[in-house]
Every structure is written in C-alpha cells, then in structure tokens.
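K.L.:
The whole structure should be built from the sequences, with the hints applied where relevant.
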Amino acid sequence: MTLPTTIEEALPVGGVAAEAVAALAAATVIGTFVMLNTALAGPWAKRKITAAFTDRISVNQFGPLGVGIVVPDAVRLVSKELIVPEGADRPAWDLAPLVLVFSALFAFAVIPMGNGVHLADPAVGLVFVFAIASVASLGLVMAGYASNNKYAFLGGLRAVAQNLAYEIPLILIGISVVLYTGSLQMSEIVATQRETLVSLGPLSVPGWFAIVNPFAFVLFLVANVAEVGRNPFDVPEAPTEIVAGYQTEYSSVYFVLIYLGEFVHIFLGGAIIATIFLGGPAGPVLPGIVWFLLKIWAMFLFTQWLRSAVPRVRIDQLIEIGWKRLLVLAFVNLFATATVVGVLAA
Amino acid sequence: MSLQRQPVGETPDGLDYDALAELLDGYVLDREQHLNCEAFVIRPDDVAAVLSTLRDRAAFDHLSLVTAQEYRDRYESIYHLKKYDDPTQELSLVVPTPRDQPHSQSGADVFDTAIWHEREAYDLVGIEYDDHPDLRRILLPETWQGHPLSLDYNQDKPQIVPLREHANPMEGRTDVADRSDTMFINIGPHHPATHGVLHLKTVVDGEQVVDIDPDIGYLHRCEEQMCQQSTYRHQIMPYPDRWDYVSAGILNEWAYARAAESLADIDVPVYAQVLRTMSAELCRICAHLLAIGTFALDIYGEFTAIFMYAVTDRERIQNLLEELTGQRLMFNYLRLGGVAWGLPEPRAEYLETVRSVMAEFPDRLEEYHNLLTSNELFQMRVLDTGVLPAETAKSYGATGPVARGSGIDYDLRRDDPYGYYDELDWEVVTDDGGDNFSRALVRLQEMEQSARIVRQCVDVLADWSGEREIQSDVPRTVKPGGEVYRAVEGAKGELGIYIRADGTDTPARFKIRSPAFSNLQTLEVLAEGEYIADMIATLGSLDIVLGEVDR
Numbered sequence: 000m001t002l003p004t005t006i007e008e009a010l011p012v013g014g015v016a017a018e019a020v021a022a023l024a025a026a027t028v029i030g031t032f033v034m035l036n037t038a039l040a041g042p043w044a045k046r047k048i049t050a051a052f053t054d055r056i057s058v059n060q061f062g063p064l065g066v067g068i069v070v071p072d073a074v075r076l077v078s079k080e081l082i083v084p085e086g087a088d089r090p091a092w093d094l095a096p097l098v099l100v101f102s103a104l105f106a107f108a109v110i111p112m113g114n115g116v117h118l119a120d121p122a123v124g125l126v127f128v129f130a131i132a133s134v135a136s137l138g139l140v141m142a143g144y145a146s147n148n149k150y151a152f153l154g155g156l157r158a159v160a161q162n163l164a165y166e167i168p169l170i171l172i173g174i175s176v177v178l179y180t181g182s183l184q185m186s187e188i189v190a191t192q193r194e195t196l197v198s199l200g201p202l203s204v205p206g207w208f209a210i211v212n213p214f215a216f217v218l219f220l221v222a223n224v225a226e227v228g229r230n231p232f233d234v235p236e237a238p239t240e241i242v243a244g245y246q247t248e249y250s251s252v253y254f255v256l257i258y259l260g261e262f263v264h265i266f267l268g269g270a271i272i273a274t275i276f277l278g279g280p281a282g283p284v285l286p287g288i289v290w291f292l293l294k295i296w297a298m299f300l301f302t303q304w305l306r307s308a309v310p311r312v313r314i315d316q317l318i319e320i321g322w323k324r325l326l327v328l329a330f331v332n333l334f335a336t337a338t339v340v341g342v343l344a345a
Numbered sequence: 000m001s002l003q004r005q006p007v008g009e010t011p012d013g014l015d016y017d018a019l020a021e022l023l024d025g026y027v028l029d030r031e032q033h034l035n036c037e038a039f040v041i042r043p044d045d046v047a048a049v050l051s052t053l054r055d056r057a058a059f060d061h062l063s064l065v066t067a068q069e070y071r072d073r074y075e076s077i078y079h080l081k082k083y084d085d086p087t088q089e090l091s092l093v094v095p096t097p098r099d100q101p102h103s104q105s106g107a108d109v110f111d112t113a114i115w116h117e118r119e120a121y122d123l124v125g126i127e128y129d130d131h132p133d134l135r136r137i138l139l140p141e142t143w144q145g146h147p148l149s150l151d152y153n154q155d156k157p158q159i160v161p162l163r164e165h166a167n168p169m170e171g172r173t174d175v176a177d178r179s180d181t182m183f184i185n186i187g188p189h190h191p192a193t194h195g196v197l198h199l200k201t202v203v204d205g206e207q208v209v210d211i212d213p214d215i216g217y218l219h220r221c222e223e224q225m226c227q228q229s230t231y232r233h234q235i236m237p238y239p240d241r242w243d244y245v246s247a248g249i250l251n252e253w254a255y256a257r258a259a260e261s262l263a264d265i266d267v268p269v270y271a272q273v274l275r276t277m278s279a280e281l282c283r284i285c286a287h288l289l290a291i292g293t294f295a296l297d298i299y300g301e302f303t304a305i306f307m308y309a310v311t312d313r314e315r316i317q318n319l320l321e322e323l324t325g326q327r328l329m330f331n332y333l334r335l336g337g338v339a340w341g342l343p344e345p346r347a348e349y350l351e352t353v354r355s356v357m358a359e360f361p362d363r364l365e366e367y368h369n370l371l372t373s374n375e376l377f378q379m380r381v382l383d384t385g386v387l388p389a390e391t392a393k394s395y396g397a398t399g400p401v402a403r404g405s406g407i408d409y410d411l412r413r414d415d416p417y418g419y420y421d422e423l424d425w426e427v428v429t430d431d432g433g434d435n436f437s438r439a440l441v442r443l444q445e446m447e448q449s450a451r452i453v454r455q456c457v458d459v460l461a462d463w464s465g466e467r468e469i470q471s472d473v474p475r476t477v478k479p480g481g482e483v484y485r486a487v488e489g490a491k492g493e494l495g496i497y498i499r500a501d502g503t504d505t506p507a508r509f510k511i512r513s514p515a516f517s518n519l520q521t522l523e524v525l526a527e528g529e530y531i532a533d534m535i536a537t538l539g540s541l542d543i544v545l546g547e548v549d550r
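Going down the list, the protein sequences come from chains A and R.
0 is the number of the first residue of the first sequence in numbering that gives the first Met the number 0; add one for each residue after it.
0 is the number of the first residue of the second sequence in numbering that gives the first Met the number 0; add one for each residue after it.
Be a bit skeptical, because a hint or two may be false.
Unchecked claim - According to the in silico footprint, chain A covers these stretches of chain R (three or more CB under 8 Å from chain A):
| id | segment |
| --- | --- |
| 1 | 41-55 |
| 2 | 307-319 |
| 3 | 370-380 |
| 4 | 528-538 |
Said to hold, decoys possible - Partner residues aside, some chain A positions facing chain R, computed with beta carbon under 8 Å:
| id | residue |
| --- | --- |
| 5 | ALA38 |
| 6 | PHE52 |
| 7 | SER198 |
| 8 | LEU202 |
| 9 | GLY206 |
| 10 | PRO231 |
| 11 | PRO238 |
| 12 | THR239 |
| 13 | GLU240 |
| 14 | ASP315 |
Unchecked claim - Simulated restraints, written as ranges between beta carbons of each label pair:
| id | chain 1 | residue 1 | chain 2 | residue 2 | range |
| --- | --- | --- | --- | --- | --- |
| 15 | A | LEU97 | R | ASP130 | 30 to 38 Å |
| 16 | A | GLU8 | R | THR311 | 53 to 61 Å |
| 17 | A | VAL252 | R | ASP180 | 33 to 41 Å |
| 18 | R | ARG135 | A | PRO90 | 51 to 59 Å |
| 19 | R | LEU382 | A | PHE129 | 34 to 42 Å |
| 20 | A | PHE129 | R | HIS189 | 35 to 43 Å |
| 21 | A | GLN60 | R | PRO474 | 38 to 46 Å |
| 22 | A | LYS79 | R | PRO140 | 48 to 56 Å |
| 23 | R | GLU321 | A | PRO71 | 33 to 41 Å |
Just so you know, these hints were derived from the structure itself, not from any lab.
A virtual CB, placed ideally from N, CA and C, is assigned to each residue, including glycine.
P.N.:
Now the structure itself:
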C-alpha cells in the first residue's frame, strides 16, 4: 500500500479532495525526507567523509560532531548575492537549476523506501525512474549553454556527451533486471528479490539481484558513477580544467539548487541500486526504512571515497569506456541474462 | 650534430679558449675575462652564426641565459653558454650594440629558449632583436612606455594608458585566425589550475588545444632592480626567498650566496656548508612535495587525499626548517660566508628529530607511489602525454626535474659541485619517458635522494668534533668588481645569477636566470595538439611558480 492511500484512509472524509490532500501530504513527506538527507550530506557528511579520507578534522563546532553546521551553512548559501552574467539567456538560465533538482526529486516518487513510505507504484515504475532522471541532461545543456560562458559551454557539452554514453548501458542493465523479475513495477521488483535464493542451514540468502548477477551489479555501479558525475567520471565539472563546468556562472540560491540537484542525484542513484540490486528496504531485524537509508548512504560513501582516491579520466577516455567497453559488456550481460532466464523458464 | 667528432676546445683539463677563438676566427673582436669563464666579444650581426657554430662544433648545447644591460656608451647582450654534459665548461658571448641604434641579431633560430629571454631583454632593457619571431613585451603590459632597466628611464613618469588601449586587454591575439570550428579561451589569470597568476591564451578545437600562448608578468615585482639598489652584504639576501616562494627559499638564497661569494672571493667554512646542504635539501623536499600535491590536484580534482597528505608531510619538514631558521616561508637563513645561525639548542635533540622525520620519509613516499605512480588510472592519464623529447628540452634550456624527466642527466649539485654535495653519497635521478609521468616520478625519487643527503648531513653534524664555525670573516661592506654568472640546482632547475660589479657596494646589473621561466616556455610545444585536461596536467608537471617566472 502506498503512502497517499494510507493517508487517505486515515482522513475522516473521502472523495477527490481527500485524494488530492493525501497525495500532496505524501509528496511533501517524501520530498522533505529526501531533502533532509541531502541537507545532511552536502554541508556536513561530505565534509566529514572527505576529512576522514585526508586525515583532517573538519566541522566540529556546532552540535554533536558538528552536524549543526547545516543551519549556518544554509543561511550563508541563500543570503549570498545572486550574480547574473551579462548576456545570459534568461528563462533558460533560470530554469536550469530547477530542472536539475526536480528531475532527481521526481524520480523518488516511485522508489519504495520501506514501511509503507512509497509515493506511487505505477506498472512502469523502472521506466519512469530512468526517463525522469535523464531529464537532468536537459538541465545540464540549458545551464551550459545559457550561461554565456565558455567554460560553462565546454562543461555542458561534456555533460551531454557523458550522459549519452552512460545512460544507454544503465538502461540495458536495468532491462536485464526486468527480464529476471518479469515486471517493471517497483514493488514487484522488490518482492521478487525477497524470495530465498539458497538456504545455508539457518541462514537463507535472499535473491537480491546483486547476488544473483554480481556482474550486472558492478557494471551498474560504474555506469551510475558516471551518471551522477563523480570521480573518476567528473569531467563535466572538472574544477582544475574548466573551472566548474556548467555551474561556473551560478551563485547564491541557484548554486544551492544545482548543488542540491547533484546530491539528490547521488541519492537517487543509490536508491535505484538499492531497489533493483539490493532488495530495496529488505534486511533483517531493523525496520525497512532504516535498511533503505543505510543502503543509499553506503552508495553516497562510495562516491565520496572514489572522489578522494581515484583520478579523473580524460574526456576521450571517458567516452571510450562508455561506448566501447561498458555498452558492449551491458549487451553481453543482457543476452546472458536473457538466455539464463529463458532456459530456467523452459 | 655531425658524427662523433671531438668538440672543439675540449681538453682533459678544462676548456681551451684559444681553440674556441680559433674556431670563431673572424668573429671574435675581443676577449674578456669574466670570473666564471672567458667572454668573446662579437658583432651584433654575427650572433646566429656564432651560436650555431658553437653548438654544432663545440658542443655548447645549453643557452643558459641571455642578459641585457646598458652602459653609458653602449648596450650589451650576453649569451651565457654551457654544456649539458659538463656545465663547468662555460663561454659567454658579449654582443655590444651602439646606444643610438640598439639592434642585434636574434639567437632564436639556434636556441628556442632565446625567444623568451630576448623578449625579456627587449622589454626591460630595450634592445631590439632583428629576425626575432615574436618580439613583444613579455613581463610588462603591451601598453608600457619605456624600458625600466635602461639608464635614461624616468621612474617618476606615470604610466598613462588611454582607455581605448584597455578596451579588451584579453582579446584574441594568438597566431591562429578565428575560425568557426575553433574557440579562443582565456585560461587564467584566475583559474584553479594555473598555480598562480598565469594567463594562457588558448585556442581550442573542441577539446583539443590548437594554440597556446602563455602570458606572464602578473607577478613581476622588479626583483632584479630591487637587488640592483641593495647592498651585497645584507640587503639582497632576503629577496631570493621571494622568487620561488613555495618552500624553496634556501635553495634560492644559495644561488645569490654562490654568485656573490665567488664575486667577492669569500670562503665558506665547511661546517656552514653542511648546514647549507642540509637545509637546502629540506627545502627541496618541501618544494617537490607541493609540486606532487598540486599535480595530483590537477589530475584527481579538488578533493583528492594526496594533496592533503603532501601538505601534512611538508608540514613536518617545515617545522624542522622553522626551528632551524626561525621562519616558515621567508627563511633568510644564508649569509655571505656562511649561515645566520647554527643548530638550535639542544642540538642533539634537534638532530634526533630530523633523523626520525627522515627515517619515516621513505615509508611516506611509498604511499605516494601507491596512490600515484602505481595507480593504473593515473598511468592512463599521464603516460605518453605532454612528451618533451630531450633535444627539444635542450633547445628550450629546460633544467631540473623537467630535463631529468626527459632523460637529460644534468644536475648542478653533481656536475658543478658546490656546498658539501661532493662529499656525500647520493644519485642523480633521470627517466627517459619525457612525459608527465616521468616528471612526477623523477620528483618522487629525488625526494628520496634528498632525504638520503639530509640523513648523511645529520650524521656529519652529530659527529662534528672541530670548531662549529658558521660564518667566515666578511668585511662589513663588500665592494667587489668584475662579472660573474653562477648557478645552483634550485627546486625547479638551474637557478643562476649574473652580477656585474662596478666597485660600489651595490650591483650594477643583477640578472636572475629563473629555471621555471625556461621550463614554462616548453608548454607551447608540449600542449599543442593535446586535450585541455592533458595541457593542465602538463602545466602541473612543469611545476612552475609564478613568483620565480615573473620575478
């Protein structure tokens, strides 16, 4: 049962109005939940994690472990002057940050987070996620092109080239999951993975797709890092090469929005991986939502780790890895899965 | 170079200047005696012919420096020639030109490094070099009026530049015509990867660099002129710290100390030489650590752990230097005839600290090798990018880790010994790759050698039984005479200083040969045709410090 339905049933009245109120309330809950994670990740967790990798201390003055930095940081970021570059293509330039944030946020609508926190469960859930998440490319082009800045332009071009090269393998690997589950519905994908794969005495290993097909899992991990633009695939920003890429000209609130979009994207990547490879909110003892959080934060940690320790590849190498290696491997994985599933079915 | 002929003038016991004069018969007008070598006076329109003869027949393959200066009656360009095989074999070419017509032939056809050196001579002194491929100002803005180091330059006259001249100072101005498929882009002067205020006028075709023109001078602080206005004994020594200011201070001070000491014939006690050697090598480690750290930053992105590791390790050594010299950045430790202070008390404790830091250092280096040189992704990025062939490197006067990364076995600490180096057991590191990887690798291995030198110096100091003399007797006022060019192995390469003394207590001409200046010049060759990312990596691997480039 999805969250809006739960709320609607709890409401004293029924009808269309109640349905709308329930949907809005549920969306607010989930949106806030995701943003809360991002707020924690951006100003605090990222700093703490990077500091741990580089033998430093980082924020430690406000609140336990310095977590209170989130508040002054938010105030600082939104109170900065918004500088609009001369010759910026106004509507596009203003819309780009919004597109970036909402493309990521929107996709969370179909992610089952456990304990009934699930906004919608359409039959085409997985397709919806990929479709909405790829709208971000549009935001990147808009930001890069509308800024009227050569670095932003280069960054925008890089971002598009990268997203094209890595989204196709991403979706191909997604299809191999669908072959296994037989459904695009998110709840169905999670349910399939709950079945026991093998029993080792008292321990029963669940049929998580990461365990069933680790090859696809690794491929997806790699493609996902490129999709969210983190080392070794952070060429669209590449601060030492093209200053900050498509986000060079954004300041103040727009910068916050772009940054927010990036972090929500990282969490979305984690959420997709958790849902289609790690059994979604499944896990022993603890409630589902805790497990879900653990899984997406683990993915966040993974991207930050790469950032501290792995060099950035060059743009031509990035494209080559995408089209010549990852795409081929994704097809191999698809055919192999199709064959295995076909044989098992027969 | 023709066959395996014995270069003219090379004899078992040094250079035979008579043979060289004979080789240049008809060109040599006069022979002068400089303190470091002999100088041949030649006519201004024979420069290219003489340089190419000397390069091809007498193996003078290193144009170390071009000095320009003005006398009351003439201008003079001096070409300081050396050999990469043996830098103690030196020869200077003095090219006088009349005051009313300061035209001299360019040496840029023979040595590429002359392009920038002659531009600087034109910019600051005002000598015009005929047939020069690109005679523009280099350190000062294009709109500057007059030549600041010429004698009749009026320093009080304000530089009034009309607004129209500054309508768009960043405008194109590259060799490549505007085409629809290329884009002109200003990388710098504010850019995360230019390691200071460097401005690269770049033309890119998509992601590839078509043309690049480094625009320097943003950090020009008239260092040469300030030294010319200061007294030898005390006032000049603080300035070298400000050239290559990222920890290489003592290495720079040594360049001045060496030139001034040979000019004024000052002896340095052995104990002070050991102290100089130890502190200079500590500086070299610091400088190389920062070079490696920022290079990693260029390749990894701003959140890399390597940079912080490098800064942490550098901090340990910086603490040692602070205890020794009392300063962390501008050490001002060397004095003419020795050093300012002996070891801090308690002596044994300090030596023990140095020893323990140096003992740990090889393990720390192992970490950099794990993260950098043995990292496959890193190798994928830097192997075979920014390749500098040895011949090109020589023509551009590249020295230091840049030259050694191209397989040129050239290190003044060994080839032109000074200090305490020839008493110690260490090796010159070279690598034949010539690419960004080799330059990083050479720096990493050089730090290991430097640590070795420091450890030996500590042993010598600990076992020192004689008198601990840190300075020789030097008169309060030094008034030397003559001309000298002396160089030491700085952090970036051959850091040389030319001084013309005229019997007063300040130099008549003080010229700095900055290794980073010559090394940066190779960027034009290294970067063209490369990807933007590789160009940035190449710039990082050249390890320039703009304070030293611009002076």
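K.L.:
Look at each hint and say if it fits the structure.
P.N.:
Quick rundown of the hints versus the structure:
A stretch counts as covered by a chain when three or more of its residues have a beta carbon under 8 Å from one of that chain; for the segment 41-55 of chain R and chain A the count is 0, and the coverage is violated. Only residues whose beta carbon comes within less than 8 Å of a beta carbon in chain A count, and the segment 307-319 of chain R has 3; three or more means the coverage holds. Using a Cβ-Cβ cut-off of 8 Å, 6 residues of the segment 370-380 of chain R lie near chain A, which meets the minimum of three, so the contact claim holds. Counting residues of the segment 528-538 of chain R whose C-beta sits closer than 8 Å to any C-beta of chain A gives 5, which meets the bar of three, so the coverage hint holds.
The criterion of a C-beta within 8 Å of any C-beta in chain R is not met by ALA38 (chain A), whose closest approach is roughly 20 Å, and the hint is violated. A cut of 8 Å between beta carbons decides the hint on PHE52 (chain A): the least distance to chain R is about 5 Å, and the hint holds. Annotation: interface hint on SER198 (chain A) violated; nearest CB of chain R at approximately 40 Å, more than 8 Å. The beta carbon of LEU202 (chain A) is not positioned within 8 Å of any beta carbon in chain R (closest approach about 37 Å), and the interface hint is therefore violated.
Interface hint status for GLY206 (chain A): violated, as the beta-carbon distance to the closest one in chain R is roughly 34 Å, over 8 Å. With a least beta-carbon distance of about 6 Å to chain R, the hint placing PRO231 (chain A) at the interface is held under the 8 Å criterion. Among the interface hints, the one on PRO238 (chain A) holds; its C-beta lies about 5 Å from the nearest C-beta in chain R, closer than the 8 Å criterion. Among the interface hints, the one on THR239 (chain A) holds; its C-beta lies about 4 Å from the nearest C-beta in chain R, closer than the 8 Å criterion.
Checking GLU240 (chain A) against chain R by beta carbon gives a least distance of about 5 Å; that is within 8 Å, so the hint holds. Satisfaction of the interface hint for ASP315 (chain A) is found here, the shortest Cβ-Cβ separation to chain R being roughly 7 Å, below the 8 Å cut-off. Under the hint 30 to 38 Å, the C-beta atoms of LEU97 (chain A) and ASP130 (chain R), about 60 Å apart, miss the expected range. Remark: the range hint 53 to 61 Å for GLU8 (chain A) to THR311 (chain R) is upheld by a beta-carbon distance near 58 Å.
The hinted window of 33 to 41 Å between VAL252 (chain A) and ASP180 (chain R) holds, with their beta carbons roughly 37 Å apart. Our hint of 51 to 59 Å for ARG135 (chain R) and PRO90 (chain A) is violated, since their Cβ atoms are close to 44 Å apart. A beta carbon spacing of about 36 Å between LEU382 (chain R) and PHE129 (chain A) agrees with the range 34 to 42 Å that was offered as a hint. In this structure, PHE129 (chain A) and HIS189 (chain R) meet the distance hint of 35 to 43 Å, their C-beta atoms being roughly 39 Å apart.
Our hint of 38 to 46 Å for GLN60 (chain A) and PRO474 (chain R) is violated, since their Cβ atoms are close to 57 Å apart. Roughly 33 Å separates the CB atoms of LYS79 (chain A) and PRO140 (chain R), a value that falls outside the hinted 48 to 56 Å. Checked against the hint of 33 to 41 Å, the pair GLU321 (chain R) and PRO71 (chain A) passes, with Cβ atoms roughly 34 Å apart.
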